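Work out the full structure, taking the sequences as your base and the hints as a guide.
Going down the list, the protein sequences come from chains A and B. When the letters of the first sequence are read in order and numbered with our numbering, they come out as residues 1 to 327. When the letters of the second sequence are read in order and numbered with our numbering, they come out as residues 1 to 280.
Because the hints were derived from the structure by calculation, they are not lab data. The structure presented is a predicted model; accordingly, all values stated were derived computationally and were not measured. Some hints here could point you the wrong way.
[As the list claims (entries may be wrong)] In silico DSSO-like pairs for lysine-lysine, Cα to Cα no more than 27 Å straight-line: (1) A:K197 to A:K229; (2) A:K156 to A:K229; (3) A:K156 to A:K197; (4) A:K31 to A:K18; (5) A:K18 to B:K273; (6) A:K156 to B:K273.
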Amino acid sequence: MSEQSPIVHVRELTKIFKVPEREPGLRAAAKSLVRRKTRDVRAVDAISFDIGSGEVVGFLGPNGAGKTTTLKMLSGLLYPTGGEAHVLGHVPSRREREYLRRMTMVMGNRNQLQWDLPALDSFELNRAIYRLRRDDYLAMRDELIDLLDVGDLVRKPVRNLSLGERMKVEIVGSLLHRPQVLFLDEPTIGLDVTMQKRIRSFVAEYNRRHGATVLLTSHYMADVEALCKRVIVIHHGRLLFDGALASLADEFAAYKTIGVVLENGAAPLDAYGEVIHRDGDRVTLRVPKVETSRVAARLLSELQVLDLTIEEPPIEDVIELVFAQSR
Amino acid sequence: MSAQTAPLTEEGRFRSLFDFYTTMVRTAIAAQLQYRVAQYFYMLGMIAEPVIYLVVWSTIARQHGGAVNGITAGQFAAYYIVWTLVRNMNIVFGAPFWEWRIREGRLAGDLLRPLNILHYDLAFFAGWKFVVVGLWIPIAIGLSAVFHPDLHPSALEIVVFIVAIWGAYFVRTMFQATIGMLNFWTTRGAAIFDLYMATEMLLSGRLVPLRLMPGWVQTLADFLPFKWTFGFPIESLVANMSTRSLLLGLGAQVMWTAIGYVLFRFAWRAAIKRFSAVGA
Numbered sequence: 001m002s003e004q005s006p007i008v009h010v011r012e013l014t015k016i017f018k019v020p021e022r023e024p025g026l027r028a029a030a031k032s033l034v035r036r037k038t039r040d041v042r043a044v045d046a047i048s049f050d051i052g053s054g055e056v057v058g059f060l061g062p063n064g065a066g067k068t069t070t071l072k073m074l075s076g077l078l079y080p081t082g083g084e085a086h087v088l089g090h091v092p093s094r095r096e097r098e099y100l101r102r103m104t105m106v107m108g109n110r111n112q113l114q115w116d117l118p119a120l121d122s123f124e125l126n127r128a129i130y131r132l133r134r135d136d137y138l139a140m141r142d143e144l145i146d147l148l149d150v151g152d153l154v155r156k157p158v159r160n161l162s163l164g165e166r167m168k169v170e171i172v173g174s175l176l177h178r179p180q181v182l183f184l185d186e187p188t189i190g191l192d193v194t195m196q197k198r199i200r201s202f203v204a205e206y207n208r209r210h211g212a213t214v215l216l217t218s219h220y221m222a223d224v225e226a227l228c229k230r231v232i233v234i235h236h237g238r239l240l241f242d243g244a245l246a247s248l249a250d251e252f253a254a255y256k257t258i259g260v261v262l263e264n265g266a267a268p269l270d271a272y273g274e275v276i277h278r279d280g281d282r283v284t285l286r287v288p289k290v291e292t293s294r295v296a297a298r299l300l301s302e303l304q305v306l307d308l309t310i311e312e313p314p315i316e317d318v319i320e321l322v323f324a325q326s327r
Numbered sequence: 001m002s003a004q005t006a007p008l009t010e011e012g013r014f015r016s017l018f019d020f021y022t023t024m025v026r027t028a029i030a031a032q033l034q035y036r037v038a039q040y041f042y043m044l045g046m047i048a049e050p051v052i053y054l055v056v057w058s059t060i061a062r063q064h065g066g067a068v069n070g071i072t073a074g075q076f077a078a079y080y081i082v083w084t085l086v087r088n089m090n091i092v093f094g095a096p097f098w099e100w101r102i103r104e105g106r107l108a109g110d111l112l113r114p115l116n117i118l119h120y121d122l123a124f125f126a127g128w129k130f131v132v133v134g135l136w137i138p139i140a141i142g143l144s145a146v147f148h149p150d151l152h153p154s155a156l157e158i159v160v161f162i163v164a165i166w167g168a169y170f171v172r173t174m175f176q177a178t179i180g181m182l183n184f185w186t187t188r189g190a191a192i193f194d195l196y197m198a199t200e201m202l203l204s205g206r207l208v209p210l211r212l213m214p215g216w217v218q219t220l221a222d223f224l225p226f227k228w229t230f231g232f233p234i235e236s237l238v239a240n241m242s243t244r245s246l247l248l249g250l251g252a253q254v255m256w257t258a259i260g261y262v263l264f265r266f267a268w269r270a271a272i273k274r275f276s277a278v279g280a
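Spelled out as structure tokens, the structure:
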């Protein structure tokens, strides 16, 4: 693998699941004894992308879009039906030992630690599984414990930890072998805001320290905005967008929002755009993107404006627009 | 963003494997010790089966002038008390648990690890055995006090027995894992598993010592794996077998372990391609 080669290389990757299907009722049940009907579900439909070394990429899509299926193919859990995938120069579905030692996949809400024992026991087991030298293991373990601030949690049985605490020690366990590629599938799901922020800053720090490549799925846009300069959006298994997060709104959102603070908050503004929020003297307008400058100029010249800001629509709204346009 | 750091250095293969087994055994012991009382009740529940067999056969032996097919009540007692240890030793990660492993998403986690999944199961249950054998000793003493076993093993028989109970563990692990692969094709693998278990009951020496079965059944049992997981380890200690028979028995265990492993590898390669990891 050359210096310039992408760390993750995906071409026309496809996964089709065969799903059994039958009508309700006794007759259909009897018929299915002789002839089983199945339907092909294209969970991932010929997607292609490359991810370079050290990139943190957000992988977005609604439930059932094919995000997790893609991550599972990239981590070697699933065999692709078609296309090709290479990660770190390996074909993931071969599940070569050398590959598994260099990557990790963290699945939110999935516990891989020994339930009845303190997390330190599970870490020790992972040391043996990944054949780590003891001094390397101890250094990495202590670094991760320090970064996630879980020093007082790792001696408690895992079953006694809260969801957020468990997720943090789960992440420590998954990274002890210092993987170079991280597939993070909803790592902050179900966590409170403080815990989400902690995990976000940890992922950013791990990426900074070790130059790891990260592919992250999350339904929390705050995760994506904080970590990812680039996003890949898929829906119904098809790739809809691959590019800078900042350009997502340019491409898909046909409007911007203008926030104004007026001296007379009661002034009618319907002639300038769609009023989407009003709070005393503060008003938020939605205006077509091409008219933003003109409307802003009119507001400034025709009304007593104390403050005016022009913003892209919230990323959640943009993503919703992307999905809506793909239907 | 910094430059990508190199992966951590890997220890040597064999040293690491030994390290993994010892670490896993320690972990399994620690996990089992969390539920000492539950373990004991499990053990007590498990001896119900051999005690029933023992009472029935001892009664029949007494009614037939002290022996059935040359097996005395004391020899029945020896057989079924050793049975309790062998049964504990040949408990493995059973075929039905593969369904649990897939359904609960545990398999996905196991597959992400750079380790043959059989090592994981073998090492975990090996550790579990250290706990149950410790708990078995007082139960065996109690059963001996009640049923007076006729047991006089030689040093060789004791050595062969110790090897054979681990051989039984390996043979059973391989075949249970192979049957467990059915769960990748059907969610109703339990029916086939039940058939397998019924065959094992009859042809392994679990239900009845094989010496009490018709000749053709004994011959059939010689050519199937079941006997080497139950009857052979027990009889290596209680039945005064010749040195040749003892060594042939160990050889048969090695052979069936190898056959089971090849079958597992074949089934595993096909099964893992079908793994859908849905919800996992």
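A quick look at each hint next to the structure:
Restraint check for A:K197 and A:K229: satisfied, since their Cα atoms lie roughly 17 Å apart, inside the 27 Å limit. At most 27 Å may separate the alpha-carbon atoms for a hinted pair to count; A:K156 and A:K229 exceed this at roughly 37 Å. With a C-alpha separation of about 23 Å, the suggested pairing of A:K156 with A:K197 holds against the 27 Å cut-off. A hinted pair counts as satisfied when its Cα atoms are at most 27 Å apart, and A:K31 with A:K18 qualifies at roughly 19 Å.
A hinted pair counts as satisfied when its Cα atoms are at most 27 Å apart, and A:K18 with B:K273 qualifies at roughly 13 Å. Our distance criterion of 27 Å between C-alpha atoms is broken by A:K156 and B:K273, whose separation comes to about 38 Å.
The structure is inconsistent with the numbered hints 2 and 6, although it conforms to all the rest.
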